[in-house]
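Student: Sequence:
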Amino acid sequence: LRHTGLNVYRRIFSIVFVANLAGLIGLLAAGHSSILTHMPYAANAAAANFLVAILIRQDYIFNMIFRVCQLVPLSAPLRLRRILAKVYEHGGMHSGCAIAGTMWFILLTVLIVVNFETGRIIHTPLVPIFTVLLLICFLVLCVFAHPAIRHRFHNSFEFTHRFAGWCSIIVFWVDLVLIADTVRLQNTTSPEPLGIALVKLPAFWFLIIMSVHIVLPWLRLRKVAFTAERLSEHAIRLHHKEHMGPYRGIAIAESPLGEWHPFACFPDGDGVNNSIMISHAGDWTRRTIDNPKSHYYVKGVLKTNVLNMASIFNRVLLVTTGTGIGPALSFVAEPSRKGQCQVLWVSSSPEKTFGQPLIDWVYTLNGNAVVWDSKKDGRPDMVALTLRLYKEMNAEAVFVVSNPKLTKQLVYGCESRGIPAYGPIFDS
34 LRHTGLNVYR RIFSIVFVAN LAGLIGLLAA GHSSILTHMP YAANAAAANF
84 LVAILIRQDY IFNMIFRVCQ LVPLSAPLRL RRILAKVYEH GGMHSGCAIA
134 GTMWFILLTV LIVVNFETGR IIHTPLVPIF TVLLLICFLV LCVFAHPAIR
184 HRFHNSFEFT HRFAGWCSII VFWVDLVLIA DTVRLQNTTS PEPLGIALVK
234 LPAFWFLIIM SVHIVLPWLR LRKVAFTAER LSEHAIRLHH KEHMGPYRGI
284 AIAESPLGEW HPFACFPDGD GVNNSIMISH AGDWTRRTID NPKSHYYVKG
334 VLKTNVLNMA SIFNRVLLVT TGTGIGPALS FVAEPSRKGQ CQVLWVSSSP
384 EKTFGQPLID WVYTLNGNAV VWDSKKDGRP DMVALTLRLY KEMNAEAVFV
434 VSNPKLTKQL VYGCESRGIP AYGPIFDS
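Each residue of the sequence shown is one higher than the one before, counting from 34 in our numbering.
Just so you know, the hints here were simulated from the structure itself, not pulled from any lab data.
Quick list of simulated restraints, FRET-style, between CB atoms: (1) Thr157 with Val245: 28 to 38 angstroms; (2) Ile58 with Val245: 27 to 37 angstroms; (3) Ile203 with Ile58: 26 to 36 angstroms.
By construction, the Cβ of each residue, glycine as well, lies at the ideal position given by its N, Cα and C atoms.
I would like the entire structure built from these sequences, with the hints used as guidance.
Tutor: Here's what the structure looks like:
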(Lines of atoms letter the chains of each structure in order from A and count residues from 1; the text may use other names and numbers.)
(Lines give C-alpha, C1' and ligand atoms only; values in the text may rest on other atoms or scores of the structure.)
Protein backbone atom coordinates (compact mmCIF):
# COMPACT_ATOMS: atom_id res chain seq x y z
CA LEU A 1 0.00 0.00 0.00
CA ARG A 2 2.86 2.42 0.76
CA HIS A 3 4.01 2.11 -2.87
CA THR A 4 0.58 3.01 -4.33
CA GLY A 5 -2.14 4.66 -2.22
CA LEU A 6 0.33 5.84 0.42
CA ASN A 7 3.29 6.87 -1.70
CA VAL A 8 5.51 9.76 -0.61
CA TYR A 9 3.39 12.32 -2.48
CA ARG A 10 0.19 11.24 -0.71
CA ARG A 11 1.93 10.96 2.66
CA ILE A 12 3.13 14.57 2.41
CA PHE A 13 -0.36 15.62 1.31
CA SER A 14 -1.94 13.80 4.27
CA ILE A 15 0.44 15.28 6.84
CA VAL A 16 -0.21 18.82 5.59
CA PHE A 17 -3.97 18.39 5.39
CA VAL A 18 -4.36 16.64 8.75
CA ALA A 19 -2.23 19.29 10.49
CA ASN A 20 -4.46 22.02 9.08
CA LEU A 21 -7.62 20.10 9.93
CA ALA A 22 -6.42 19.76 13.52
CA GLY A 23 -5.79 23.50 13.65
CA LEU A 24 -9.26 24.27 12.29
CA ILE A 25 -10.95 21.92 14.76
CA GLY A 26 -8.90 23.41 17.58
CA LEU A 27 -10.00 26.91 16.60
CA LEU A 28 -13.66 25.96 16.53
CA ALA A 29 -13.37 24.05 19.81
CA ALA A 30 -11.76 27.03 21.57
CA GLY A 31 -15.20 28.49 22.12
CA HIS A 32 -14.65 31.93 20.62
CA SER A 33 -18.00 33.17 19.42
CA SER A 34 -16.95 36.47 17.87
CA ILE A 35 -16.34 36.69 14.15
CA LEU A 36 -13.60 39.19 14.94
CA THR A 37 -11.71 36.32 16.55
CA HIS A 38 -12.32 33.66 13.91
CA MET A 39 -12.19 35.74 10.74
CA PRO A 40 -8.55 36.93 10.93
CA TYR A 41 -7.39 33.42 11.90
CA ALA A 42 -9.20 31.84 8.96
CA ALA A 43 -7.98 34.50 6.50
CA ASN A 44 -4.38 34.24 7.69
CA ALA A 45 -4.40 30.42 7.68
CA ALA A 46 -5.85 30.33 4.16
CA ALA A 47 -3.32 32.86 2.87
CA ALA A 48 -0.40 31.04 4.55
CA ASN A 49 -1.35 27.74 2.91
CA PHE A 50 -1.80 29.34 -0.50
CA LEU A 51 1.59 31.03 -0.10
CA VAL A 52 3.35 27.70 0.50
CA ALA A 53 1.41 26.10 -2.38
CA ILE A 54 2.64 28.81 -4.75
CA LEU A 55 6.23 28.96 -3.49
CA ILE A 56 6.81 25.21 -3.66
CA ARG A 57 5.91 25.27 -7.37
CA GLN A 58 8.37 28.00 -8.33
CA ASP A 59 11.17 26.63 -10.49
CA TYR A 60 13.95 28.43 -8.57
CA ILE A 61 12.71 27.06 -5.24
CA PHE A 62 12.20 23.65 -6.84
CA ASN A 63 15.81 23.73 -8.07
CA MET A 64 17.10 24.86 -4.69
CA ILE A 65 15.40 21.95 -2.91
CA PHE A 66 16.91 19.51 -5.41
CA ARG A 67 20.32 21.12 -5.04
CA VAL A 68 20.28 20.77 -1.25
CA CYS A 69 19.33 17.08 -1.47
CA GLN A 70 21.97 16.52 -4.13
CA LEU A 71 24.71 17.65 -1.73
CA VAL A 72 24.58 14.33 0.10
CA PRO A 73 27.86 12.49 -0.64
CA LEU A 74 28.03 9.10 -2.32
CA SER A 75 29.54 7.77 0.92
CA ALA A 76 26.39 8.61 2.90
CA PRO A 77 24.25 5.67 4.10
CA LEU A 78 22.27 4.18 1.22
CA ARG A 79 19.02 4.42 3.19
CA LEU A 80 19.46 8.19 3.58
CA ARG A 81 20.18 8.62 -0.14
CA ARG A 82 17.14 6.52 -1.06
CA ILE A 83 14.91 8.74 1.07
CA LEU A 84 16.33 12.01 -0.27
CA ALA A 85 15.94 10.81 -3.87
CA LYS A 86 12.16 10.94 -3.37
CA VAL A 87 12.35 14.73 -3.11
CA TYR A 88 10.65 15.06 -6.52
CA GLU A 89 7.39 13.93 -4.88
CA HIS A 90 7.30 17.09 -2.78
CA GLY A 91 4.34 18.18 -4.95
CA GLY A 92 2.21 16.71 -2.18
CA MET A 93 3.05 19.89 -0.28
CA HIS A 94 1.56 21.97 -3.12
CA SER A 95 -1.71 20.05 -3.35
CA GLY A 96 -1.97 19.59 0.42
CA CYS A 97 -1.59 23.30 1.13
CA ALA A 98 -3.93 24.25 -1.73
CA ILE A 99 -6.72 21.97 -0.42
CA ALA A 100 -6.09 23.02 3.18
CA GLY A 101 -6.15 26.69 2.19
CA THR A 102 -9.48 26.14 0.45
CA MET A 103 -10.78 24.42 3.60
CA TRP A 104 -9.84 27.44 5.71
CA PHE A 105 -11.42 29.74 3.17
CA ILE A 106 -14.68 27.78 3.30
CA LEU A 107 -14.75 28.49 7.04
CA LEU A 108 -14.07 32.16 6.37
CA THR A 109 -16.86 32.30 3.78
CA VAL A 110 -19.37 30.68 6.15
CA LEU A 111 -18.47 33.11 8.94
CA ILE A 112 -18.85 36.12 6.65
CA VAL A 113 -22.11 35.05 4.99
CA VAL A 114 -23.77 34.07 8.27
CA ASN A 115 -22.68 37.31 9.93
CA PHE A 116 -23.91 39.39 7.00
CA GLU A 117 -27.34 37.78 7.27
CA THR A 118 -27.55 38.65 10.98
CA GLY A 119 -26.19 42.15 10.33
CA ARG A 120 -24.09 42.23 13.49
CA ILE A 121 -20.72 43.29 12.07
CA ILE A 122 -20.69 43.04 8.26
CA HIS A 123 -23.15 45.47 6.76
CA THR A 124 -21.93 45.88 3.18
CA PRO A 125 -22.81 43.13 0.65
CA LEU A 126 -19.44 43.61 -1.06
CA VAL A 127 -17.63 41.49 1.54
CA PRO A 128 -19.75 38.31 1.11
CA ILE A 129 -19.98 38.83 -2.66
CA PHE A 130 -16.22 38.97 -3.18
CA THR A 131 -15.64 36.20 -0.64
CA VAL A 132 -18.05 33.82 -2.38
CA LEU A 133 -16.58 34.76 -5.76
CA LEU A 134 -13.10 33.95 -4.49
CA LEU A 135 -14.28 30.65 -3.04
CA ILE A 136 -15.73 29.71 -6.43
CA CYS A 137 -12.33 30.39 -8.02
CA PHE A 138 -10.63 28.15 -5.46
CA LEU A 139 -13.15 25.35 -5.96
CA VAL A 140 -12.73 25.51 -9.75
CA LEU A 141 -8.96 25.24 -9.30
CA CYS A 142 -9.35 22.22 -7.02
CA VAL A 143 -11.81 20.42 -9.29
CA PHE A 144 -9.71 20.77 -12.44
CA ALA A 145 -6.57 19.79 -10.52
CA HIS A 146 -8.04 16.43 -9.55
CA PRO A 147 -5.81 13.78 -11.17
CA ALA A 148 -8.64 12.16 -13.16
CA ILE A 149 -9.75 15.49 -14.65
CA ARG A 150 -6.24 16.89 -15.00
CA HIS A 151 -5.04 13.94 -17.07
CA ARG A 152 -8.14 13.73 -19.26
CA PHE A 153 -8.55 17.46 -19.84
CA HIS A 154 -5.00 18.70 -19.40
CA ASN A 155 -5.39 21.84 -21.50
CA SER A 156 -8.46 22.86 -19.49
CA PHE A 157 -6.52 22.21 -16.29
CA GLU A 158 -3.62 24.34 -17.51
CA PHE A 159 -5.81 27.26 -18.55
CA THR A 160 -7.98 27.23 -15.40
CA HIS A 161 -4.91 26.95 -13.18
CA ARG A 162 -3.38 29.95 -14.89
CA PHE A 163 -6.33 32.30 -15.41
CA ALA A 164 -8.45 31.30 -12.38
CA GLY A 165 -5.25 31.52 -10.34
CA TRP A 166 -4.60 35.07 -11.51
CA CYS A 167 -8.24 36.03 -10.87
CA SER A 168 -7.99 34.54 -7.39
CA ILE A 169 -5.05 36.75 -6.46
CA ILE A 170 -6.83 39.89 -7.71
CA VAL A 171 -10.09 39.06 -5.93
CA PHE A 172 -8.18 38.05 -2.79
CA TRP A 173 -6.63 41.53 -2.66
CA VAL A 174 -10.04 43.18 -2.95
CA ASP A 175 -11.55 40.84 -0.36
CA LEU A 176 -8.72 41.36 2.12
CA VAL A 177 -9.03 45.14 1.88
CA LEU A 178 -12.80 44.89 2.49
CA ILE A 179 -12.31 42.54 5.45
CA ALA A 180 -9.63 44.77 6.99
CA ASP A 181 -11.91 47.78 6.56
CA THR A 182 -14.78 45.94 8.24
CA VAL A 183 -12.65 44.89 11.21
CA ARG A 184 -11.14 48.33 11.79
CA LEU A 185 -14.55 50.05 11.74
CA GLN A 186 -15.66 48.02 14.77
CA ASN A 187 -13.75 50.54 16.83
CA THR A 188 -16.36 53.26 16.37
CA THR A 189 -14.61 55.80 18.61
CA SER A 190 -11.25 56.02 16.82
CA PRO A 191 -10.87 53.55 13.93
CA GLU A 192 -7.28 53.20 12.73
CA PRO A 193 -6.36 54.03 9.10
CA LEU A 194 -7.04 51.28 6.57
CA GLY A 195 -3.34 51.01 5.69
CA ILE A 196 -2.41 50.37 9.31
CA ALA A 197 -5.15 47.75 9.63
CA LEU A 198 -3.87 45.98 6.52
CA VAL A 199 -0.20 45.80 7.49
CA LYS A 200 -1.19 44.27 10.83
CA LEU A 201 -2.68 41.29 9.00
CA PRO A 202 -0.21 38.48 8.16
CA ALA A 203 -2.41 37.71 5.15
CA PHE A 204 -1.44 41.09 3.68
CA TRP A 205 2.26 40.18 3.64
CA PHE A 206 1.50 36.65 2.42
CA LEU A 207 -0.40 38.12 -0.52
CA ILE A 208 2.47 40.45 -1.38
CA ILE A 209 4.90 37.51 -1.53
CA MET A 210 2.41 35.45 -3.57
CA SER A 211 1.89 38.26 -6.06
CA VAL A 212 5.62 38.79 -6.52
CA HIS A 213 6.31 35.12 -7.14
CA ILE A 214 3.45 34.78 -9.61
CA VAL A 215 4.74 37.73 -11.65
CA LEU A 216 8.45 36.88 -11.37
CA PRO A 217 8.61 33.98 -13.91
CA TRP A 218 6.82 36.10 -16.51
CA LEU A 219 9.45 38.81 -16.18
CA ARG A 220 11.85 36.27 -17.70
CA LEU A 221 9.62 35.50 -20.67
CA ARG A 222 11.76 35.32 -23.79
CA LYS A 223 11.76 34.01 -27.33
CA VAL A 224 14.36 31.34 -28.04
CA ALA A 225 15.53 30.25 -31.47
CA PHE A 226 15.27 26.53 -32.26
CA THR A 227 16.74 24.62 -35.18
CA ALA A 228 14.67 21.62 -36.21
CA GLU A 229 16.18 18.27 -37.14
CA ARG A 230 13.55 15.93 -38.48
CA LEU A 231 14.39 12.42 -37.30
CA SER A 232 11.42 10.64 -38.87
CA GLU A 233 7.68 11.00 -39.41
CA HIS A 234 7.23 10.28 -35.71
CA ALA A 235 9.96 12.32 -34.06
CA ILE A 236 11.81 15.61 -34.28
CA ARG A 237 14.81 17.06 -32.49
CA LEU A 238 14.91 20.77 -31.67
CA HIS A 239 18.36 22.29 -31.08
CA HIS A 240 18.78 25.49 -29.06
CA LYS A 241 21.55 27.57 -27.48
CA GLU A 242 19.84 28.32 -24.17
CA HIS A 243 22.39 28.15 -21.35
CA MET A 244 21.83 24.95 -19.41
CA GLY A 245 22.84 23.42 -16.15
CA PRO A 246 22.96 19.64 -15.76
CA TYR A 247 19.73 17.62 -15.64
CA ARG A 248 17.48 20.50 -16.64
CA GLY A 249 14.19 20.68 -18.47
CA ILE A 250 12.56 23.40 -20.52
CA ALA A 251 8.92 24.29 -21.17
CA ILE A 252 8.10 25.83 -24.55
CA ALA A 253 5.01 27.48 -26.02
CA GLU A 254 4.02 28.94 -29.37
CA SER A 255 2.16 31.71 -27.52
CA PRO A 256 2.81 32.95 -23.95
CA LEU A 257 -0.86 32.49 -23.01
CA GLY A 258 -1.24 29.21 -24.88
CA GLU A 259 -0.24 25.63 -24.09
CA TRP A 260 3.10 25.07 -22.36
CA HIS A 261 4.87 21.77 -22.98
CA PRO A 262 7.79 20.59 -20.78
CA PHE A 263 10.70 18.58 -22.16
CA ALA A 264 13.97 17.34 -20.76
CA CYS A 265 17.08 18.81 -22.37
CA PHE A 266 20.26 17.00 -23.23
CA PRO A 267 23.55 18.27 -24.66
CA ASP A 268 24.44 18.02 -28.33
CA GLY A 269 27.63 16.29 -29.34
CA ASP A 270 29.34 19.63 -29.97
CA GLY A 271 29.32 20.45 -26.27
CA VAL A 272 27.76 23.87 -26.94
CA ASN A 273 24.15 23.47 -27.99
CA ASN A 274 21.34 21.52 -26.34
CA SER A 275 18.38 19.60 -27.67
CA ILE A 276 14.92 18.36 -26.88
CA MET A 277 13.20 15.47 -28.62
CA ILE A 278 9.52 15.39 -29.44
CA SER A 279 7.60 12.32 -30.55
CA HIS A 280 4.05 12.07 -31.81
CA ALA A 281 1.70 11.90 -28.81
CA GLY A 282 -1.16 14.26 -29.68
CA ASP A 283 -2.33 17.19 -31.79
CA TRP A 284 0.36 19.62 -30.64
CA THR A 285 3.24 17.19 -31.09
CA ARG A 286 1.92 16.15 -34.51
CA ARG A 287 1.75 19.78 -35.59
CA THR A 288 5.22 20.47 -34.24
CA ILE A 289 6.76 17.51 -36.04
CA ASP A 290 5.08 18.45 -39.33
CA ASN A 291 5.63 22.20 -39.07
CA PRO A 292 8.21 23.19 -36.42
CA LYS A 293 8.56 26.88 -35.54
CA SER A 294 11.84 28.74 -35.70
CA HIS A 295 11.21 30.29 -32.27
CA TYR A 296 9.35 29.24 -29.13
CA TYR A 297 8.61 31.10 -25.91
CA VAL A 298 10.42 30.14 -22.71
CA LYS A 299 9.84 31.65 -19.26
CA GLY A 300 11.37 31.53 -15.82
CA VAL A 301 14.43 29.43 -15.08
CA LEU A 302 15.15 25.97 -16.42
CA LYS A 303 13.77 23.30 -14.11
CA THR A 304 15.73 20.42 -12.61
CA ASN A 305 14.38 17.01 -13.59
CA VAL A 306 14.09 13.77 -11.65
CA LEU A 307 17.38 12.36 -12.98
CA ASN A 308 19.19 15.00 -10.94
CA MET A 309 18.82 12.68 -7.95
CA ALA A 310 20.42 9.76 -9.79
CA SER A 311 23.74 11.51 -9.18
CA ILE A 312 23.66 10.62 -5.46
CA PHE A 313 23.97 6.89 -6.23
CA ASN A 314 27.14 4.95 -7.05
CA ARG A 315 25.50 2.60 -9.58
CA VAL A 316 22.29 3.44 -11.41
CA LEU A 317 20.18 1.65 -14.01
CA LEU A 318 18.37 4.10 -16.33
CA VAL A 319 15.31 2.59 -17.99
CA THR A 320 13.76 4.62 -20.79
CA THR A 321 11.51 4.30 -23.79
CA GLY A 322 11.12 6.39 -26.96
CA THR A 323 12.15 10.02 -26.58
CA GLY A 324 12.94 9.36 -22.93
CA ILE A 325 16.44 8.66 -24.18
CA GLY A 326 16.92 12.45 -24.25
CA PRO A 327 16.91 13.03 -20.48
CA ALA A 328 18.83 9.77 -20.01
CA LEU A 329 21.58 11.16 -22.23
CA SER A 330 21.62 14.35 -20.17
CA PHE A 331 22.63 12.19 -17.22
CA VAL A 332 25.20 9.93 -18.85
CA ALA A 333 26.80 12.89 -20.70
CA GLU A 334 27.24 15.00 -17.56
CA PRO A 335 31.01 15.28 -16.83
CA SER A 336 30.46 15.92 -13.10
CA ARG A 337 28.72 12.56 -12.66
CA LYS A 338 30.79 10.29 -10.44
CA GLY A 339 28.70 7.12 -10.23
CA GLN A 340 28.40 4.31 -12.77
CA CYS A 341 25.29 3.82 -14.86
CA GLN A 342 23.76 1.60 -17.51
CA VAL A 343 21.08 2.61 -19.98
CA LEU A 344 18.22 0.36 -21.07
CA TRP A 345 16.46 1.98 -24.04
CA VAL A 346 13.39 0.28 -25.48
CA SER A 347 11.93 1.74 -28.65
CA SER A 348 10.08 0.67 -31.76
CA SER A 349 12.52 0.77 -34.70
CA PRO A 350 14.94 3.20 -33.00
CA GLU A 351 17.17 3.41 -36.07
CA LYS A 352 14.24 4.36 -38.31
CA THR A 353 12.60 6.67 -35.76
CA PHE A 354 15.63 8.44 -34.28
CA GLY A 355 18.47 7.70 -36.70
CA GLN A 356 21.67 5.68 -36.42
CA PRO A 357 23.78 8.69 -35.29
CA LEU A 358 21.75 8.96 -32.08
CA ILE A 359 22.10 5.24 -31.42
CA ASP A 360 25.84 5.50 -31.99
CA TRP A 361 26.02 8.40 -29.55
CA VAL A 362 24.17 6.34 -26.93
CA TYR A 363 26.85 3.64 -27.21
CA THR A 364 29.60 6.27 -27.20
CA LEU A 365 28.37 7.76 -23.94
CA ASN A 366 27.34 4.46 -22.37
CA GLY A 367 29.30 1.53 -23.77
CA ASN A 368 27.25 -1.09 -21.90
CA ALA A 369 23.88 0.34 -22.96
CA VAL A 370 21.10 -2.05 -23.99
CA VAL A 371 19.10 -0.81 -26.99
CA TRP A 372 16.02 -2.97 -27.48
CA ASP A 373 14.14 -2.75 -30.78
CA SER A 374 10.60 -3.77 -29.83
CA LYS A 375 9.58 -3.86 -33.51
CA LYS A 376 12.21 -6.48 -34.33
CA ASP A 377 12.68 -8.29 -31.02
CA GLY A 378 9.15 -7.99 -29.66
CA ARG A 379 7.91 -6.11 -26.63
CA PRO A 380 9.91 -7.27 -23.59
CA ASP A 381 8.71 -7.96 -20.08
CA MET A 382 9.95 -4.62 -18.80
CA VAL A 383 9.83 -5.51 -15.12
CA ALA A 384 11.71 -8.79 -15.60
CA LEU A 385 14.31 -7.18 -17.89
CA THR A 386 14.83 -4.31 -15.47
CA LEU A 387 15.26 -6.67 -12.52
CA ARG A 388 17.79 -8.78 -14.42
CA LEU A 389 19.94 -5.80 -15.39
CA TYR A 390 19.63 -4.35 -11.90
CA LYS A 391 21.04 -7.53 -10.38
CA GLU A 392 23.74 -7.95 -13.02
CA MET A 393 25.23 -4.51 -12.38
CA ASN A 394 24.52 -4.60 -8.64
CA ALA A 395 22.83 -1.23 -8.95
CA GLU A 396 21.78 0.91 -6.00
CA ALA A 397 18.72 2.38 -7.73
CA VAL A 398 16.56 2.30 -10.85
CA PHE A 399 15.42 5.49 -12.59
CA VAL A 400 12.61 5.33 -15.15
CA VAL A 401 11.85 7.85 -17.90
CA SER A 402 8.84 6.70 -19.88
CA ASN A 403 5.11 7.26 -20.32
CA PRO A 404 2.96 7.51 -17.16
CA LYS A 405 1.58 3.96 -17.38
CA LEU A 406 4.92 2.20 -17.81
CA THR A 407 6.68 4.48 -15.33
CA LYS A 408 4.13 3.63 -12.66
CA GLN A 409 4.29 -0.08 -13.53
CA LEU A 410 8.08 -0.25 -13.36
CA VAL A 411 8.44 1.82 -10.20
CA TYR A 412 5.86 -0.33 -8.43
CA GLY A 413 7.36 -3.55 -9.82
CA CYS A 414 10.73 -2.62 -8.35
CA GLU A 415 9.64 -1.06 -5.06
CA SER A 416 7.32 -3.95 -4.22
CA ARG A 417 10.42 -6.17 -4.43
CA GLY A 418 12.47 -3.90 -2.18
CA ILE A 419 14.36 -2.22 -5.03
CA PRO A 420 14.53 1.60 -4.88
CA ALA A 421 12.99 2.99 -8.06
CA TYR A 422 12.23 6.53 -9.14
CA GLY A 423 10.36 8.17 -11.98
CA PRO A 424 8.27 11.26 -12.79
CA ILE A 425 4.85 11.28 -11.11
CA PHE A 426 3.25 13.56 -13.75
CA ASP A 427 1.53 15.75 -11.13
CA SER A 428 1.42 18.95 -13.22
